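Protein chains: 2
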Amino acid sequence: MSKPVKESAATATVTKPTDREIRIERIFDATRDRVWRAFTDPALVAQWWGRGNKLVIERLEVKRGGHWRFVEHSPDGVHGFEGRFREVTPPGRLVQTFEWDGMPGHVVVETAIFEELGDGRTKVITTSLFHTTEERDGMLESGMEQGLNQSYAALDRLLATFDDKKGRT
Amino acid sequence: MSKPVKESAATATVTKPTDREIRIERIFDATRDRVWRAFTDPALVAQWWGRGNKLVIERLEVKRGGHWRFVEHSPDGVHGFEGRFREVTPPGRLVQTFEWDGMPGHVVVETAIFEELGDGRTKVITTSLFHTTEERDGMLESGMEQGLNQSYAALDRLLATFDDKKGRT
Chain F
1 MSKPVKESAA
11 TATVTKPTDR
21 EIRIERIFDA
31 TRDRVWRAFT
41 DPALVAQWWG
51 RGNKLVIERL
61 EVKRGGHWRF
71 VEHSPDGVHG
81 FEGRFREVTP
91 PGRLVQTFEW
101 DGMPGHVVVE
111 TAIFEELGDG
121 RTKVITTSLF
131 HTTEERDGML
141 ESGMEQGLNQ
151 SYAALDRLLA
161 TFDDKKGRT
Chain E
1 MSKPVKESAA
11 TATVTKPTDR
21 EIRIERIFDA
31 TRDRVWRAFT
41 DPALVAQWWG
51 RGNKLVIERL
61 EVKRGGHWRF
71 VEHSPDGVHG
81 FEGRFREVTP
91 PGRLVQTFEW
101 DGMPGHVVVE
111 TAIFEELGDG
121 RTKVITTSLF
131 HTTEERDGML
141 ESGMEQGLNQ
151 SYAALDRLLA
161 TFDDKKGRT
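If you're matching them up, the sequences are chains F and E in order. Here the first sequence stands for residues 1 to 169, where the numbers follow our numbering. Here the second sequence stands for residues 1 to 169, where the numbers follow our numbering.
I should point out that these hints are in silico values taken from the structure, not numbers from a laboratory. Predicted model only: the values in this text are computed from it and were never measured. The beta-carbon is built from N, C-alpha and C at its ideal position, and this holds for glycine as well. Misleading hints may appear alongside valid ones.
Using C-beta positions, here's what the derived DEER-type ranges look like [to be verified]:
(1) Gly120(E) - Ala46(F): 50 to 60 Å
(2) Ser142(F) - Asp33(E): 36 to 46 Å
(3) Gly147(E) - Ala46(F): 33 to 43 Å
(4) His79(E) - Glu116(F): 30 to 40 Å
(5) Lys123(E) - Leu117(F): 49 to 59 Å
Here chain E is said to cover these stretches of chain F; the calculated rule only asks that three of the stretch's residues, wherever they fall, bring their Cβ under 8 Å from a Cβ of chain E [claimed, not checked]:
(6) 76–90
(7) 104–113
Let's have the full structure, built from the sequences with the hints guiding it.
Encoded structure:
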């Protein structure tokens with residue numbers, strides 16, 4: 001039996017700290033180790049990253065220089081995403097690039113910080129750096145925030161249920 | 001018999017138009033169609049891109065969204081480079097990303113413009129956009145300019161000799 005999910009942080013906080021960045025904060029009701037696993041284990045990523053849609057993990061090499069490529073099968077079509085890891089420091093920091101097939105060669109650098117809150121919850125702070133303000137604003141206008149909240153809601157559900165071999169305290 | 005190479009533009013002009021860009025100008029003694037082919041035909045790219053060193057073209061898909069990956073075998077080691085095409089408009093404009101395996105996830109957007117000068121020569125203007133000034137300056141301090149001039153000298157030699165099925169006027 002899993003404990004009930006706290007709904008205290010059901011939407012992400014999205015801000016624009018500079019003219020080429022997006023900053024996203026979201027609290028998850030799980031330890032940092034569990035959240036890290038959900039972001040880096042292909043079997044777990046497949047269950048939440050694609051907004052609840054079918055997600056094929058074609059490649060996910062979680063190491064400096066490793067590549068990743070996911071294909072999301074959504075009602076509005078098939079969307080490919082890919083990038084490469086710049087820095088992998090478990091369980092606190094992950095830096096990678098992000099590119100959508102629909103806008104090839106438009107590359108975002110995403111820095112994710114995983115902060116243990118001390119009460120069994122974890123705050124994930126993601127900062128996305130774009131080459132231009134236009135690309136940053138295009139991302140904000142693309143429905144990104146809604147998609148993000150759908151994915152994070154799927155992650156909430158996963159974190160509440162997934163088998164943790166180390167057990168929970 | 002090939003005509004003698006004019007040595008009027010033997011080094012590239014490198015400038016910093018903004019705090020995140022590098023601009024490179026270089027004139028080649030060949031028509032725009034020939035220069036375009038030298039930049040996009042794998043058999044030709046292999047002969048000049050790697051500063052005269054052995055270059056393995058693992059992938060070169062010259063189309064929007066296509067990927068490229070080259071591996072240079074130089075006296076100081078093996079270096080991988082890769083990226084993706086954002087825009088391919090023959091024979092005048094090529095936009096692609098560039099990333100060196102030694103600094104994975106540090107992605108440059110390179111826009112190359114091919115200008116016909118009207119006298120059988122072609123000017124190539126490349127503008128590289130970095131995510132940060134630090135990355136731009138790191139590239140400038142890496143010996144980029146020397147490597148670039150070595151590659152372009154190899155390209156001069158190739159352009160003077162390579163078989164052009166369309167013939168030369």
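Going through the hints against the structure:
Between glycine 120(E) and alanine 46(F) the CB atoms are about 56 Å apart, so this pair conforms to the stated range of 50 to 60 Å. The beta-carbon spacing between serine 142(F) and aspartate 33(E), approximately 38 Å, falls within the hinted interval of 36 to 46 Å. In this structure the hint that glycine 147(E) and alanine 46(F) lie 33 to 43 Å apart at CB holds, the actual value being about 41 Å. Range check, histidine 79(E) to glutamate 116(F): Cβ separation about 39 Å, and the 30 to 40 Å hint holds.
Range check, lysine 123(E) to leucine 117(F): about 58 Å between beta-carbon atoms, so the 49 to 59 Å window is met. Proximity of the region 76–90 of chain F to chain E, defined as three or more residues with a beta carbon under 8 Å from a beta carbon of that chain, is established by the 5 residues found. A stretch counts as covered by a chain when three or more of its residues have a beta carbon under 8 Å from one of that chain; for the region 104–113 of chain F and chain E the count is 5, and the coverage holds.
The structure meets every hint from the earlier list without exception.
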